[in-house]
Amino acid sequence: MSQQVRGVVARAKGEPVAIETIVVPDPLPGEAVVKVQACGVCHTDLHYREGGISNDFPFLLGHEAAGIVESVGEGVEDLAPGDFVILNWRAVCGHCRACRRGRPWYCFATHNATQKMTLTDGTELSPALGIGAFAEKTLVAAGQCTKVDPQASPAAAGLLGCGVMAGLGAAINTGAVGRGDSVAVIGCGGVGSAAVVGARLAGAAKIIAVDIDDRKLETAQSMGATHIVNSRTADPVEAVRELTGGFGADVVIDAVGRPETYRQAFYARDLAGTVVLVGVPNPEMKVELPLLDVFGRGGALKSSWYGDCLPSRDFPLLIDLYLQGRLDLDAFVTETIGLDDVEEAFARMHKGEVLRSVVTF
Numbered sequence: 001m002s003q004q005v006r007g008v009v010a011r012a013k014g015e016p017v018a019i020e021t022i023v024v025p026d027p028l029p030g031e032a033v034v035k036v037q038a039c040g041v042c043h044t045d046l047h048y049r050e051g052g053i054s055n056d057f058p059f060l061l062g063h064e065a066a067g068i069v070e071s072v073g074e075g076v077e078d079l080a081p082g083d084f085v086i087l088n089w090r091a092v093c094g095h096c097r098a099c100r101r102g103r104p105w106y107c108f109a110t111h112n113a114t115q116k117m118t119l120t121d122g123t124e125l126s127p128a129l130g131i132g133a134f135a136e137k138t139l140v141a142a143g144q145c146t147k148v149d150p151q152a153s154p155a156a157a158g159l160l161g162c163g164v165m166a167g168l169g170a171a172i173n174t175g176a177v178g179r180g181d182s183v184a185v186i187g188c189g190g191v192g193s194a195a196v197v198g199a200r201l202a203g204a205a206k207i208i209a210v211d212i213d214d215r216k217l218e219t220a221q222s223m224g225a226t227h228i229v230n231s232r233t234a235d236p237v238e239a240v241r242e243l244t245g246g247f248g249a250d251v252v253i254d255a256v257g258r259p260e261t262y263r264q265a266f267y268a269r270d271l272a273g274t275v276v277l278v279g280v281p282n283p284e285m286k287v288e289l290p291l292l293d294v295f296g297r298g299g300a301l302k303s304s305w306y307g308d309c310l311p312s313r314d315f316p317l318l319i320d321l322y323l324q325g326r327l328d329l330d331a332f333v334t335e336t337i338g339l340d341d342v343e344e345a346f347a348r349m350h351k352g353e354v355l356r357s358v359v360t361f
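With UniProt numbering applied, the sequence shown has no gaps in its numbers, which climb one by one up to 361 at the end.
Quick caveat, the hints were computed from the structure, so don't treat them as lab data. One thing to keep in mind: the hints can contain errors.
Said to hold, decoys possible - In silico lysine-lysine, BS3-like type, Cα no more than 25 Å apart, as pairs:
1. K147 / K13
2. K116 / K147
3. K147 / K35
4. K116 / K35
5. K206 / K302
6. K35 / K13
7. K13 / K351
8. K13 / K286
As the list claims (entries may be wrong) - Pairwise CB distance ranges (calculated):
9. D330 / L271: 26 to 34 Å
10. P281 / C96: 43 to 51 Å
11. L271 / D26: 55 to 63 Å
12. S54 / T120: 20 to 28 Å
13. I212 / C96: 35 to 43 Å
14. P259 / R348: 38 to 46 Å
15. H95 / R215: 40 to 48 Å
16. R6 / L301: 14 to 22 Å
17. D235 / Q4: 49 to 57 Å
Using N, Cα and C, we set each Cβ at its ideal position, and we do this for glycine too.
Go ahead and model the full structure; you've got the sequences and the hints to work with.
Spelled out as structure tokens, the structure:
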């Protein structure tokens with residue numbers, strides 16, 4: 001029997017979100033219903049509200065979540081009611097060309113629940129990133145549930161579902177930061193700060209945080225940055241070079257995703273260094289670089305999709321580090337809020353006042 005719960009819905013582009021009654025169907029084969037315990041307020045949700053991802057309104061927002069499995073559909077064998085899970089938007093298919101080549105973190109055919117959640121009048125909802133977790137309960141594909149140690153705080157654990165994993169993975173997985181490397185991170189919001197933490201976990205010797213906001217730079221420093229650069233008052237390329245013996249950083253992570261920050265990342269890296277783009281640009285943005293510079297500087301220009309993570313591998317490992325006190329996920333939780341406070345949280349996030357507001361149930 002279907003259930004009715006409260007959820008945050010964006011009905012039209014740019015309009016304030018509203019609390020609506022959501023109809024959650026019973027899970028069919030391969031699906032699961034999850035009782036959401038916590039869900040972070042991510043920039044991606046704001047992009048959905050602003051029509052920056054698609055026009056498939058109305059959207060059921062929220063995706064950075066953790067909770068308890070309530071029920072599963074027929075044929076689901078590795079998940080059971082009562083399991084504590086982090087929701088992920090990369091439900092690996094196991095059959096596409098990336099999976100067959102042993103690179104499931106690039107899975108090109110990730111899947112979502114077959115059924116749609118709806119409004120009470122039958123209007124189908126588009127769940128953000130196939131999850132829709134600004135709701136008391138949500139319907140997902142079973143593969144979108146990653147079991148982790150239930151001792152973890154839901155508010156902290158859920159952040160691995162998107163932003164924190166994206167930043168950590170950009171450094172550890174995509175950038176392959178190694179012991180003794182120099183790393184620069186451009187943009188120190190939630191994702192950039194997580195990239196700083198990832199570089200520290202990987203053993204980087206020098207971690208340079210770059211931003212235009214002194215508050216974010218202070219936060220990045222508290223999370224492991226060894227040097228900070230305010231790019232309002234200093235040329236970030238020259239500053240990074242000066243801090244690295246005139247050479248540039250081994251790995252530069254662009255956590256903003258704008259043409260100007262990408263050019264800064266490109267020229268702030270050492271010869272044969274790596275640029276990682278993890279900030280999400282909009283469709284109109286373009287970047288121009290002299291092709292001779294692309295060739296002559298060598299190295300690698302990479303994009304990081306979801307931190308190139310494999311949830312089944314990375315989430316349990318990172319939760320173990322968290323429970324051991326080696327990864328402070330709690331530091332990313334600026335505030336906990338109620339479901340009715342999401343619109344105000346968007347405004348605080350847009351102003352750079354928070355790393356993460358987290359809805360708790």
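Tested hints:
{"no.": "1", "hint": "K147 / K13", "verdict": "35 Å, violated"}
{"no.": "2", "hint": "K116 / K147", "verdict": "23 Å, holds"}
{"no.": "3", "hint": "K147 / K35", "verdict": "14 Å, holds"}
{"no.": "4", "hint": "K116 / K35", "verdict": "17 Å, holds"}
{"no.": "5", "hint": "K206 / K302", "verdict": "21 Å, holds"}
{"no.": "6", "hint": "K35 / K13", "verdict": "28 Å, violated"}
{"no.": "7", "hint": "K13 / K351", "verdict": "20 Å, holds"}
{"no.": "8", "hint": "K13 / K286", "verdict": "24 Å, holds"}
{"no.": "9", "hint": "D330 / L271: 26 to 34 Å", "verdict": "39 Å, violated"}
{"no.": "10", "hint": "P281 / C96: 43 to 51 Å", "verdict": "25 Å, violated"}
{"no.": "11", "hint": "L271 / D26: 55 to 63 Å", "verdict": "58 Å, holds"}
{"no.": "12", "hint": "S54 / T120: 20 to 28 Å", "verdict": "23 Å, holds"}
{"no.": "13", "hint": "I212 / C96: 35 to 43 Å", "verdict": "40 Å, holds"}
{"no.": "14", "hint": "P259 / R348: 38 to 46 Å", "verdict": "27 Å, violated"}
{"no.": "15", "hint": "H95 / R215: 40 to 48 Å", "verdict": "46 Å, holds"}
{"no.": "16", "hint": "R6 / L301: 14 to 22 Å", "verdict": "44 Å, violated"}
{"no.": "17", "hint": "D235 / Q4: 49 to 57 Å", "verdict": "56 Å, holds"}
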